[in-house]
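Chemist: Use the sequences and the hints to build the structure in full.
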Amino acid sequence: MVHKGRGADADPANRFSAMRVEVDEDAWVDDDPRPLKTVFLRDDSQSVLAVNSADDLSFDYGLNPYRGCEHGCAYCYARTYHEYLGFSAGLEFESKIVVKENAPELLQAALAKPSYKVGKIAMSGVTDCYQPVERKLEITRRCLEVLARFRNPVTIITKNALVARDIDHLSELARHNAVAVYLSVTTLDPALARILEPRASSPRARLETIRQLTEAGIRAGVSAAPMIPGLNDSELPAILKAVADHGGKFAAYSVVRLPGAVKDVFSAWLDRHQPLAKDKVLGRIRSFHGGSLNATTPGIRNRGTGEQSKQLNAFFHALCRRHGLDPHFPELSTASFRRVMPGQGELF
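In terms of this note's numbering, the sequence shown opens at residue 3 and continues consecutively.
There's no promise every hint is true.
Stated by the list, open to error - Think about it this way: if two alpha-carbon atoms lie no more than 20 Å apart in a straight line, the pair counts; the simulated PhoX-like pairs of lysine-lysine are:
1. 98 <-> 138
2. 98 <-> 39
3. 265 <-> 282
4. 280 <-> 265
5. 115 <-> 39
Unchecked claim - FRET-style restraints, in silico, Cβ to Cβ:
6. 316 <-> 39: 45 to 51 Å
7. 278 <-> 340: 56 to 62 Å
8. 312 <-> 46: 45 to 51 Å
9. 206 <-> 39: 25 to 31 Å
10. 138 <-> 249: 25 to 31 Å
Don't read these hints as lab results, they were simulated from the structure.
Glycine residues also receive a C-beta, built at the ideal position from the N, C-alpha and C atoms.
Modeler: Quick look at the structure:
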């Protein structure tokens, strides 16, 4: 069943559920069902920082104000995490959004604890902290206010231009070398972006956001991720040039991987939008991951292995040199961190 404005055409069963539901396609007479409404659910868990134990990720804690993501990117590896909440990795990932309304208060309490080991926080690992509902709820904004008060370093990765709304808090963090913002750009083709990442900001808006941030003194760059061999990898030179032209300072990339049910979601997307290219795309993804559509080994899972992986990595670094982009994650400082107790005022 096709839902307009959604990235998933398939809704694979939750791998943890004994129940399986199959749609009788012959029973549908209307090929354009009513729009699928997004439901927002409260997350009452009392923890907000997830400790990172992966050596190939350059942060110490993950902070996810939301679970699930309205952007609906068809390839998103984070879809599988929704299954742990009892939902599907398909349509429910983008239509049943779990909201941690008290994330700012929990963050304040966590950072104020004497036992808190100061570290770099990433927003966000399994969601986009600036997905559309953030415009109304402002949970991410309030978390940034806390981080700015404590001067705790944070890295943000987003596909949404809404991040520019929070230039005030980001600028305060930038004064202490405590923030870096990655705008994720996978394509410059607005038509492809609309079907691949249906509710994310347009590529042009993301590039303009990089310009806005850098002009405000906030270090910003691009995450050209994921590169999908045979679909968007040919755009890498144009993406990095555009980022440099818009003032971006650094760049990163990754190669798509399709864990669990994501392979079904993305395969269904290819069937609908790129049927003639499907076999080529899936074949080339496998060529980066030793014959598999997924990779889990830290250090190589996001870049792949083999000759094509080496060639893409060398090409990426050559492009970065050409355009003056730093291919390394920005070094953020914890030197200015200060522990602020509830109700404590600021002298400076």
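Chemist: Hint by hint, note whether the structure agrees.
Modeler: Hints versus structure:
no., hint, in the structure
1, 98 <-> 138, "17 Å, holds"
2, 98 <-> 39, "9 Å, holds"
3, 265 <-> 282, "15 Å, holds"
4, 280 <-> 265, "12 Å, holds"
5, 115 <-> 39, "40 Å, violated"
6, 316 <-> 39: 45 to 51 Å, "47 Å, holds"
7, 278 <-> 340: 56 to 62 Å, "58 Å, holds"
8, 312 <-> 46: 45 to 51 Å, "47 Å, holds"
9, 206 <-> 39: 25 to 31 Å, "29 Å, holds"
10, 138 <-> 249: 25 to 31 Å, "29 Å, holds"
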